[in-house]
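The lines below spell out each chain.
2 protein chains.
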Amino acid sequence: MATFVSTPSVVRLGPQDWPRGFRASVGAAAIKKAGRDDLALLAMPGGATAAALFTRNLFAAAPIEVSRRHLKESRGHASALILNSGCANAATGPRGIANATECTDAVARAIGCAGESVLVNSTGVIGVQLPMERIIPELPRVAARLATSADGGPLEPFARAIMTTDTKPKMAARTIECGGSTVHVAGVAKGAGMIRPDMATMISVIATDAAVDGRTLDRILRHAADASFHRISIDGDTSTNDSVFAFASGVAGPCDEAALAQAFREVACELARMIVCDGEGFERSLRVRVIGAGNKHDALRVAETVASSLLVRTAITGGDPNWGRIIAAAGRAGVDFRANDLELRVGGILLFARGEPLSIDKHAVRAAFNGTHVEIEIALGVSSGADAEMNSDDFLSCGLTTEYVRLNADYTT
Amino acid sequence: MATFVSTPSVVRLGPQDWPRGFRASVGAAAIKKAGRDDLALLAMPGGATAAALFTRNLFAAAPIEVSRRHLKESRGHASALILNSGCANAATGPRGIANATECTDAVARAIGCAGESVLVNSTGVIGVQLPMERIIPELPRVAARLATSADGGPLEPFARAIMTTDTKPKMAARTIECGGSTVHVAGVAKGAGMIRPDMATMISVIATDAAVDGRTLDRILRHAADASFHRISIDGDTSTNDSVFAFASGVAGPCDEAALAQAFREVACELARMIVCDGEGFERSLRVRVIGAGNKHDALRVAETVASSLLVRTAITGGDPNWGRIIAAAGRAGVDFRANDLELRVGGILLFARGEPLSIDKHAVRAAFNGTHVEIEIALGVSSGADAEMNSDDFLSCGLTTEYVRLNADYTT
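So the protein sequences, as listed, match chains A and B. According to this note's numbering, the first sequence holds residues 948 to 1360 in order. According to this note's numbering, the second sequence holds residues 948 to 1360 in order.
Since the hints were derived computationally from the structure, they do not count as laboratory data. Please note: incorrect hints may appear among the correct ones.
In this list, chains with the same sequence are indistinguishable; a pair is considered to hold if it fits within one copy or across any two.
[As the list claims (entries may be wrong)] Below, simulated PhoX-like cross-link-like pairs (lysine-lysine); rule was C-alpha separation at most 25 Å, straight line: (1) Lys1309 with Lys980; (2) Lys1019 with Lys1243; (3) Lys1019 with Lys979; (4) Lys1115 with Lys1243; (5) Lys1115 with Lys980; (6) Lys1115 with Lys1019.
So that you can see chain A by itself, here it is in the shape it has in the complex (with noise of 0.2 Å):
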């Protein structure tokens, strides 16, 4: 880490820096189009506990094959992190794999560390090789402005260079007092869903200062994945780059778990509530809370159904509280219930109960659908009480477009 010079002055983070301990830097290798940065690169001076995790398509992208190298290589520590976007270097055979650990020992011959403590993902178009002629020279310019890159600087730009349709940079941070000491949780993200035709999706960083373990960093990011990245859709197809990584530098001390993993959660709940609501056409989101069921997991499958039908999803972009297909999908979900304990409340007001509609003020129910966030509450009947409770999940989502579906139709390869 020898190029690394630390800052002696004292760094006061903002709500959207970087954790102490990461450094980032952004470079324009006109990878799909000149004069925008399209590299970002997150350096850890002092190398970090790293964990991932990554798309389980079967075509996982190239960079993916050797970032998972790379990590299981490094036992889990890692001194950098090397972004592109433009190319997802996805469908390229065993020329993409090198040129993906081309890149990493570049990065590592610039700051200075082991080729496996690099990671390494792209985004962009599909079945095209990275332009390494333009890339490979600029890297080790990216490295030197490391150099002079605040210690927890600023997230945009790093946010930025890693968009592709995504309209604004994805940021979220939250600070934690821990015994005395202020632990750092920040994280950006990009665009997810594979919105864009030949465009890799969702990828997402979270940076932790706090001293925390491998298997403890796992952990926390897998929870924290689970209760955000894991519970949106915008049209259900995973992509060949999907990735979340996590690091944790150390350097604010060790932090209880318990305060860590939520700092995680709600950072990661903020990416992936942004990541929804910048998706193709979007016009309004929609979260499903399913509560009563008999299990958690049975909670979960209705509310990903009925959030996922196009159905229901064509309904919220019409504004329409249509009851009849939200409960035909809760229906389908292959979940067991009886269809006349179901409770259908949708902006808090009770729709359905007992089998049949309830005659209620439709004027009411629509006034509720004009915002830009529907909220559907489905009372399963399975269990009741603080079981209802316990039983409970929800999913994320937003309407269907005629703007999603142009968007996606009018693109050609």
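Put chain B on the given structure of chain A with help from the hints.
Okay, now just chain B, sitting in the frame of chain A:
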């Protein structure tokens, strides 16, 4: 069956006629709007073996419950089926059940059979009670017209009377020569996929004059539905009223089971195809054929995942052979295969193999996309040779269009 006057003259069945032993008539009860036929009665004067498949949605409509009960009580025999469009009698509570039973009782009285020999279903708006004051007086008039209707008369009036948002009636028929006798199989269907806001979905009736016992008819129907209605999707939503009825009058005598099953399958597949091609906002159909899976179930799972992918379906609408979306959907189907072994063909042209896209003539591929049907073939490479053909399956869908979204969003309850 006293009110049925048998026609002594020889009936020549056309390719669009009900088989012998069936008579149909229609009527107008102004259920949703006046002046169009919305009641369809199919009678089997000599009785018939009956089988049916009903929606697995927990919110099964009242007529589905009544038909299920009647089929059980009559031990798989029926003398009539009464259908109506304009109102689904779904989410209508105990009064809905009473109304459906009153309809079957009225038909039974009019044609002189037991109540449980009459099956029933409804299609149309959910959550609204049937207008019994208009339906009940009309039923004897519809039944009276049976006496003058021809044995094996035309399918079309029946097919038209059950239409909701369908733009055309759906009919298909086959004949089989069986030991000197001609056996007929004919069917009608109405639109699928809960395509219109509160419209409740697909109904099909397939009839034969073959003599076949209940268990065999049930088996034949399940196989036929499995190869057809269970392999199409418009929006993935099932409805409260989905049903497929099968009746065998026996008038033509026994028939080879394999030949009869083949005819049922062909009729069902033709109807299923018509349903997809008459879906809301339809522009282009899509068939995904998967070969070379580890087993048939895996092949179906991949075919369904790809055919149902929003990104694939919008690409089809755009007329774009977007291989990236297709392989990414295959890769998330939850089926194990090696990404490098997958071969993708669209319109017969190999687009992707050995983990990389092939340099192909894009204009040639795009030309193959300009029709109203797109054919995708995915070879998974898990099995090969004769096994690859065995471990195959296919799924039919259609492009997702802005018109679909508009129709489903613009409607308000």
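Hint check:
In this assembly of identical chains, Lys1309 and Lys980 lie within 25 Å of each other by CA distance solely across copies; the values are 23 Å between and 50 Å within a copy. Taking the closest pair of Cα atoms, Lys1019 and Lys1243 never come within 25 Å of each other, the shortest separation being 32 Å inside a single copy and 36 Å across copies. Within a single copy, Lys1019 and Lys979 get their C-alpha atoms no closer than 31 Å, and across copies no closer than 65 Å, so neither meets the 25 Å cut-off. In this homomeric assembly, Lys1115 and Lys1243 never come within 25 Å of each other (Cα to Cα): the closest approach is 34 Å inside a single copy and 45 Å across copies.
Proximity of Lys1115 and Lys980 under a CA criterion of 25 Å is satisfied intra-copy only: 18 Å inside one chain copy versus 49 Å between copies. Taking identical chains as interchangeable, the C-alpha atoms of Lys1115 and Lys1019 are never at most 25 Å apart, the minima being 33 Å within one chain and 60 Å between chains.
Consistency note: the structure conflicts with the earlier hints numbered 2, 3, 4 and 6.
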